[in-house]
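Chemist: Number 69 in my numbering belongs to position 69 of the sequence shown; there are no gaps in the numbering.
Note that these hints are calculated values from the structure, not bench results. Where a beta carbon is used, it is the ideal one built from N, C-alpha and C, also for glycine. Some hints here could point you the wrong way.
As the list claims (entries may be wrong) - DEER-style ranges, computed between Cβ atoms:
1. Y100 to G74: 30 to 36 angstroms
2. K40 to D16: 33 to 39 angstroms
3. R41 to A71: 26 to 32 angstroms
4. D105 to I46: 18 to 24 angstroms
5. G89 to P2: 18 to 24 angstroms
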Amino acid sequence: MPLHLTKVAFGATSLDHLADRLRQRGEDGPVFLTTRYLPKRHEEIIGGGSLYWIIKHTLVARSPILHFGEAEGGRVAIHIDPALVLTEGRPKRAHQGWRYLEAGDAPADL
Numbered sequence: 001m002p003l004h005l006t007k008v009a010f011g012a013t014s015l016d017h018l019a020d021r022l023r024q025r026g027e028d029g030p031v032f033l034t035t036r037y038l039p040k041r042h043e044e045i046i047g048g049g050s051l052y053w054i055i056k057h058t059l060v061a062r063s064p065i066l067h068f069g070e071a072e073g074g075r076v077a078i079h080i081d082p083a084l085v086l087t088e089g090r091p092k093r094a095h096q097g098w099r100y101l102e103a104g105d106a107p108a109d110l
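With these hints in hand, go ahead and build the complete structure from the sequences.
Modeler: Shown next, in the form of C-alpha cells:
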C-alpha cells in the first residue's frame, strides 16, 4: 500500500479556491511544490501516493504525486497531478510543511 503526504493548502479559503490555483499553475507548465528535503520514505510514495490537502482543519481532496525532482536553490520539487480527487472530509490538525499519511489512515475518495 502506498504512503501519502498531507499539506495545508495555505491561503486557500475553499476547495474551489485551491482547484483554481492548481489550474492556473498548470497553465504555465508542470504543477509542483517545493520542499527543503526529499522525504526519506519517497520510494514508498512513488507509484500510488498522493498529496492530501488540508483546508480549514479538514482533509478534503488529494492530488496524485507523479514524481520528485530538483528545484531551484537545491530544493526538491514534488510534482503533482493538478486535477483534484475529492475525498471524504476528515478532521486533521494543521501543521507546517508536509507529514506522512499511512494508506490505512487516508480518507476514501468520493
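Chemist: Decide, hint by hint, whether the structure agrees.
Modeler: Checked hints:
Here the CB-CB span from Y100 to G74 is close to 22 angstroms, at odds with the stated 30 to 36 angstroms. Evaluation of the 33 to 39 angstroms hint for K40 and D16 yields a pass: the beta carbon distance comes to about 34 angstroms. R41 and A71 have their C-beta atoms about 19 angstroms apart, which leaves the hinted 26 to 32 angstroms range violated. For D105 and I46, the Cβ-Cβ distance of about 19 angstroms falls inside the hinted range of 18 to 24 angstroms, so the restraint holds.
Range check, G89 to P2: about 21 angstroms between beta-carbon atoms, so the 18 to 24 angstroms window is met.
The structure fails hints 1, 3 (numbered hints given earlier, in ascending order).
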